[in-house]
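Participant: Now for the letters of each chain:
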Amino acid sequence: KAGVTQTPRYLIKTRGQQVTLSCSPISGHRSVSWYQQTPGQGLQFLFEYFSETQRNKGNFPGRFSGRQFSNSRSEMNVSTLELGDSALYLCASSLGQGPNEKLFFGSGTQLSVL
Amino acid sequence: AQKVTQAQTEISVVEKEDVTLDCVYETRDTTYYLFWYKQPPSGELVFLIRRNSFDEQNEISGRYSWNFQKSTSSFNFTITASQVVDSAVYFCALSGPSGGGNKLTFGTGTQLKVEL
Numbered sequence: 001k002a003g004v005t006q007t008p009r010y011l012i013k014t015r016g017q018q019v020t021l022s023c024s025p026i027s028g029h030r031s032v033s034w035y036q037q038t039p040g041q042g043l044q045f046l047f048e049y050f051s052e053t054q055r056n057k058g059n060f061p062g063r064f065s066g067r068q069f070s071n072s073r074s075e076m077n078v079s080t081l082e083l084g085d086s087a088l089y090l091c092a093s094s095l096g097q098g099p100n101e102k103l104f105f106g107s108g109t110q111l112s113v114l
Numbered sequence: 001a002q003k004v005t006q007a008q009t010e011i012s013v014v015e016k017e018d019v020t021l022d023c024v025y026e027t028r029d030t031t032y033y034l035f036w037y038k039q040p041p042s043g044e045l046v047f048l049i050r051r052n053s054f055d056e057q058n059e060i061s062g063r064y065s066w067n068f069q070k071s072t073s074s075f076n077f078t079i080t081a082s083q084v085v086d087s088a089v090y091f092c093a094l095s096g097p098s099g100g101g102n103k104l105t106f107g108t109g110t111q112l113k114v115e116l
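Taken in order, these protein sequences are the chains called A and B. Read in order, the letters of the first sequence correspond to residues 1 to 114 in my numbering. Read in order, the letters of the second sequence correspond to residues 1 to 116 in my numbering.
Please note that a few of the clues may not be correct.
Only some residues are given here: those of chain B computed to face chain A with a beta carbon under 8 angstroms [said to hold, decoys possible]:
| id | residue |
| --- | --- |
| 1 | Tyr33 |
| 2 | Lys38 |
| 3 | Phe91 |
| 4 | Gly99 |
| 5 | Leu104 |
Treat the hints as calculated values from the structure; they're not laboratory data. No residue lacks a Cβ here, since even glycine has one placed at the ideal position from N, Cα and C.
Chain B with its partners taken away, still in its complex shape:
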């Protein structure tokens, strides 16, 4: 079975602080994909990044960076110099052959609040 754990339910930071959102996953698949999605108050899930299990190269995109560590089954997401507009719920998700099709297994989400 596939499982995604986001232990942080809610994080509050002051603008310009750096913040890291944690994600731990479980899967029996040898090839799998990890995703981060952002859900603002409007409700729409917005795709942020996708990583496959063979690509452990960490990535930086503007203020966002991702740290994928297969050895610890973690796929963490960092926002540098947070802004109020970053306030949203962030979901980590996993897909793989054992789930079937393009089915995503989501974590419970982390509510990020960035205050002035």
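Same shape as in the complex, but just chain A:
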């Protein structure tokens, strides 16, 4: 069974641009979550989608948005990029959406904002 796939693996953007990251969950998984990882703030929850609906959202500005498609694939978008958005963005999928769910993570997209 293929794991969680994130594309692209690396991305370099400049301030003010926007970026879209993609995540393909494990087949059969209906929940997709996104996390931001930085050296200063660690791993922080961005949002969770289940059956194409955002179920939970972390404490991030509105520049961060996401969506989930009918095949459970998900994208997240960051508009008007800032230097502080440089981070590893990790996507995780799970079968369901309860707190007992085991999350399976992708290798992430390393975003650098210059």
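Guided by the hints, dock chain B onto chain A, whose structure is given.
Facilitator: Chain B only, in chain A's frame:
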């Protein structure tokens, strides 16, 4: 609010030594779940174990063992006879109804370096 504290930032050991990674958590939920994840240099977080708040039975799996103590809000992880391949960042995480959905609250991680 949920909080996870991993006080050890970095641990260095020599191969074959035993090493324990500490994790202390805070939550107001009565039912909650605790996890350990491993992050090798490739970046992917790898699931190691999940425990629910009603299951305080400690577990051993090969060289890994976990000690869950609700009385002290701790969920420690021990690697016996460490190997170089164990070198990674280890994260303790917590989920529960107050966080919503399957949201994980992570600790800051412990960098484990196992040297020959």
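Participant: A separate judgement is required for each hint: does it hold in the structure or not?
Facilitator: These are the hints, each one checked on the structure:
no., hint, in the structure
1, Tyr33, "holds (5 angstroms)"
2, Lys38, "violated (11 angstroms)"
3, Phe91, "holds (7 angstroms)"
4, Gly99, "holds (7 angstroms)"
5, Leu104, "holds (7 angstroms)"
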